[in-house]
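Listed in order, the protein sequences are those of chains U and S.
With the first sequence counted from 1, adding 30 to any position gets you this note's numbering.
With the second sequence counted from 1, adding 199 to any position gets you this note's numbering.
Errors might be hidden in some of the hints.
Incomplete in silico selection of chain S near chain U, CB under 8 Å [claimed, not checked]:
| no. | residue |
| --- | --- |
| 1 | M200 |
| 2 | G216 |
| 3 | V239 |
| 4 | P240 |
| 5 | D241 |
| 6 | D265 |
| 7 | A292 |
| 8 | R296 |
| 9 | R297 |
| 10 | H302 |
| 11 | K387 |
| 12 | V444 |
| 13 | G446 |
Ranges between beta-carbon positions, derived for each pair [said to hold, decoys possible]:
| no. | chain 1 | residue 1 | chain 2 | residue 2 | range |
| --- | --- | --- | --- | --- | --- |
| 14 | U | D289 | S | D270 | 34 to 44 Å |
| 15 | U | D194 | S | A428 | 21 to 31 Å |
| 16 | S | A370 | U | Q66 | 36 to 46 Å |
| 17 | S | A428 | U | Y173 | 14 to 24 Å |
| 18 | S | A428 | U | T211 | 51 to 61 Å |
| 19 | U | G142 | S | A372 | 47 to 57 Å |
| 20 | U | R100 | S | G427 | 25 to 35 Å |
| 21 | S | S405 | U | S367 | 28 to 38 Å |
| 22 | U | W167 | S | R257 | 33 to 43 Å |
Keep in mind the hints are simulated off the structure, nothing from the lab.
Backbone N, C-alpha and C fix where the C-beta goes; we use that ideal spot for every residue, glycine too.
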Amino acid sequence: MTPALTLTRLLADATAASSLDPDAWTGVLGVARAEQLIGTLAMRLDGLVLPRRVAEVLEDAKATALEGRRQALWEAEMARRALSGVIEPLILLKGTAFAAAGLDAGQGRSIGDLDVLVPRAKLAQVEAALLAHGWVWVKPDPYDDAYYRQWMHELPPLVHPERDRMIDVHHTILPLTARRTPDANQLIANAVPLGSGFATLGHPDMVVHAAVHLFGDGDLSGGLRNLWDIDRLLREFGDEEECFWTELGNCAAEHGAADVVARAVRLADALFRTPVPAGWAGARPTDRMFLRRLLARNGWGQETRPATRLAFYIRSHLLRMPPGMLARHLWIKWRKSAGGKERLQQAPR
Amino acid sequence: MKHVFGVQVGPVTFRIGSAWRKPITQLQALYRDYPKDGGVPDFTVRLAPLRPWRRWIRPAVAIGGDFVIPDAAPLPLDQGLLAAEMGMNLQMALGQRRFLLLHAAAVERDGCAIVLTGESGAGKSTLAALLQGRGWRLMADEFVLLDPMTGLIHPFPRPVSLKNDSIDVVARALPHSEWGPLISDTPKGTIRHLVPQAHAVAGAKSPARPRLLLFPRFCAAPDQRVVGAGEAFVRLTQASTNYVVLGERGFLALTRLVSDVTRVAIDYPDADTAAAMIEGLW
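Just chain S, with the same shape it has in the complex (with noise of 0.2 Å):
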């Protein structure tokens, strides 16, 4: 392809290539930080136009790789950052088979982790965010990478996906964040990535042991409850992309996180009240 970018993110390669320049360029500037990468890939994202006029006229971004969704929609070029990080994602979700992998947040301290949890929506990314300026590295936002061999969690720090008014919030949190391009008009609304914090990115080889096991809600009165074993696991197989391909493996790894973690549920009005609440448990 005409325009190609490899980067590392954890222990995970990608490969990128692009018809068009501004994606990889776009790339480049928000993974400036990572390691790049040029050798054998683990993972290879296309962005090419569907038809081969549409990378002039009207261009629209089809997003495509070694694991594909067979009618996925193609994005306008303006979005084709978020067509990049929507494909790395999509290889992770369909081809990591090395990690169990769960959809969820991350963060560290002294070695041990805290797994955030929940439904789309439930402010695992914005509490994961702000939790960074509070003496926590992130580790993932989107996926966290559970080693079944290990039981740790490997980190996989790629730039926060932040949505509409979880933006401000944080930007005033974290003032002196970097961030991607605005990106609006999207599926989801606005879009813009945080790039995590510099010690995250360089500690992206550095796994922990899970201690916390957190189901966060956005709520206006705060609460927390235990949650059992059993239930931890099934809303953990639902929360998993690879669960049910890696079989036995997937089985073992996922009743030792359950049985090895404290779980509770929290409900929280804002980062002060969350943070507060993590204190205690942890």
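So here's chain U without its partners, still in its complex pose (with noise of 0.2 Å):
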């Protein structure tokens, strides 16, 4: 087995702990640590008797995933202050909201910029009072800003320097290029208000966002974090909510997104045995290069599998924007790198 299936089983059944040798472990915590899981680990495991050496880097592990969780609800706070008036409540996106809504999803899980969702036609009124509270630019290169804002799902990130935190303000959860068109404004309506003026997607809603974000966008990077994302949602709401699994179904179909939430819960079930309902069970051939692409590392935390992420990275290029497009895209970012180059190198020394 390797290092990345044992993580993936070890996260699903924390008792598999005993039967690991010390070797096994350093792979184990080696890709967990380059696929930002080794906080989930931590967690996951918290409590049981393990060899003093893992348990010392885990307890790191834990220490670190708690800052960060005290630090990304600290930033939701200030974003909260900022927008307070032009928003509210703030919708929280991704792991900030797992963590403020307490959800499994949130237990350990590293976070990293802060997301936001906002109605599109408040977009600039929320630009102008983040500016205002002292955020800035990232990006000041004329044509990413321009692309951003014609194109993206996001305004250009934002940064705050003091804190040196970042903001993407979302207004729906796919670039308008794509093929698929969420509707955002459902995702507005149904938000779950938490009270101290925060809200999160609706439950449905939340896992179809995480599906959207793993299969409809990107080259599936950190695919196996959002993957376990996916699996703590679906167990923690298919618990508690008897309808949860038909308001899953609706609302997939709702934001043309039932084949990538199907394919997010027949993955999670492969990889971390989610209790799935018949009708959604089952494999498809095209899993298989899925699950090939999100166990593509080794115990070394190296990328493994090239030829396989070359194949995605190429998808999620055409995922998100039809090919005439993308040729005229590459080409002014290849230009733009290229004049780069040739500006350093005739630099005085």
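Hey, can you piece these two chains together into the complex? The hints should help.
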């Protein structure tokens, strides 16, 4: 069994920890670090008797995750204060939403940027309020800026220099160039208030967003962690809400995302043994390629399976925009980077 | 990875994997007297080509590992040992969570430690290396490990990275020392690693109570002044790579350190003067 596969088994069933030898642990920890799952693993194995060296590494990872969670929630609070009067409540997405809502998916999860969702009609006001409260643009390049504003599902990223944290302000959950067009108004209308000025997406929407993000956009980098999020969400909502799976099916269809949600459910079941109702279970031949890509890492934390990775990289660009537009985009990006290099070479030493 | 070396330095274990044999052979020589380690490591360092063909054609070593900087420039294979050392430093700087990390050197006598901190080029590595010849045990050259629970300094006696002129100065003062290979044309000039004295490597498990916090500066006119606790605190937050991520633990460890020690800035023209000033303060 490869270390990546061992990691997924261990996350799904913590009792498997007792059967690992030191070399297996070394590989599992290497993959977990590279896939940003080490904090999650630490929380999953918390309280078990582990080899001393493993316990020490995981203790550090747990402390890091707890501090990261504190900082992520503080950043959300800073954004909420900056946007009060413009947006209330503030809809949180991804890691910060899981942490703020106290969901299992947030346990030990590493959280990067702050992701929020706002109505498209309020984008200009939101932007002005953030700039007034100290956020600044990360990408001053005019082409990038214009590209984001015309085609992306979010504002160009903003950073708060004092706290060195980024915010991604989304107005929908997929680029406007993508073939799929989720219904942003529906997402906002179904949001669940958390009190304290925050909200998350409705629970079925949360799963749809995670699935769309994983399989409808991007090249599956960090995909193992995103699939783990999906497993946790499905388990928690499936346990607690009687009609959850029916609602998930309806919701996925409304957003035109039935296929990616179905794939997310099948793969979560395959890797993490998610309990799944009869109609959702099973496997498709193409699932194997996705599993190959999700597990493409060795015990040194290195990327493996370069051909599979390349195929998914190309796929991600085709998903994101039509071929003609892609060609133009890459041409401009290439000319800019080549021009940049020339300028560097000519610069006096 | 094809070639592997595992080593323990103080309380920290490393696993270093390399696509080439040479950096591993050099590590084995440099760390000959350190405890070898084959267990679950605290940190992994990878030395691999950025593109497959760069293993053979103009071989270039990209520094990888558990923690990486995205756009770090690769080094030529001749500087593979330096790449390994930089990789280990990077793991500590970005990944260390058990100890508060101070960019400083430390020496010990009678169970108590001097922490020497200051900007790069202030001469703290050179001074710490030279104090070895005057009855001090070298505890750390690059990273001082402060235990937030106990307030003790834990030894991390890596080989001392000396640059340019200081290599000859230290070689003359400590004629029987062990050295790594001379690495020339690096971004920081010529670099050579000095193996700490045997009792420093052997004593890598004995922590020490910090007594003196020194801000040394290599300067023609000798001088010394007391540094306030506030100034020392702020300068050490800037000298720490993990102060922010440790959160409250980091704040408590650092406030305790600056209030427990004597804090002095010294300007010294040579090692004798510095040693005399330190004896006076001790």
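Here is how each hint holds up against the structure:
Contact between S:M200 and chain U, as hinted, is supported at the beta carbon level, the nearest pair being about 6 Å apart and thus within 8 Å. A cut of 8 Å between beta carbons decides the hint on S:G216: the least distance to chain U is about 6 Å, and the hint holds. For S:V239, the interface hint holds, the least distance from its beta-carbon to any beta-carbon of chain U being 4 Å, beneath 8 Å. The interface hint given for S:P240 is met, as the beta carbon of that residue sits about 7 Å from the closest beta carbon of chain U, less than 8 Å.
Hint status for S:D241: holds, given a least beta-carbon distance of 6 Å to chain U, under 8 Å. Restraint check, S:D265 versus chain U: the minimum CB separation of about 5 Å is within 8 Å; hint holds. Contact between S:A292 and chain U, as hinted, is not supported at the beta carbon level, the nearest pair being about 14 Å apart and thus beyond 8 Å. Among the interface hints, the one on S:R296 holds; its C-beta lies about 4 Å from the nearest C-beta in chain U, closer than the 8 Å criterion.
Here the hint on S:R297 is kept, as its CB sits about 6 Å from the closest CB of chain U, short of 8 Å. The restraint placing S:H302 at the interface with chain U is violated, with a minimum CB-CB distance near 19 Å, outside the 8 Å limit. Interface hint at S:K387: violated, since its Cβ lies 17 Å from the closest Cβ of chain U, which is beyond the 8 Å cut-off. Taking 8 Å as the C-beta contact cut-off toward chain U, the hint placing S:V444 at the interface holds, the least distance being around 6 Å.
Using the Cβ-Cβ criterion of 8 Å, the hint placing S:G446 at the interface with chain U is satisfied: the shortest such distance is roughly 5 Å. A beta carbon spacing of about 37 Å between U:D289 and S:D270 agrees with the range 34 to 44 Å that was offered as a hint. The hint said 21 to 31 Å for the Cβ distance between U:D194 and S:A428, and at roughly 27 Å that hint holds. Distance hint check for S:A370 and U:Q66: the Cβ-Cβ separation is about 45 Å, which falls inside the suggested range of 36 to 46 Å.
A hinted range of 14 to 24 Å for the beta carbons of S:A428 and U:Y173 is inconsistent with their spacing of about 51 Å. Judged by the Cβ atoms, the range 51 to 61 Å given for S:A428 and U:T211 holds: they are separated by roughly 60 Å. Between U:G142 and S:A372 the CB atoms are about 48 Å apart, so this pair conforms to the stated range of 47 to 57 Å. A C-beta distance of roughly 30 Å is found between U:R100 and S:G427, which places it inside the suggested range of 25 to 35 Å.
Between S:S405 and U:S367 the CB atoms are about 53 Å apart, so this pair departs from the stated range of 28 to 38 Å. The supplied range of 33 to 43 Å is met by U:W167 and S:R257, whose beta-carbon atoms lie about 38 Å from each other.
Taken one by one, the earlier hints fail for this structure at numbers 7, 10, 11, 17, 21, listed in ascending order.
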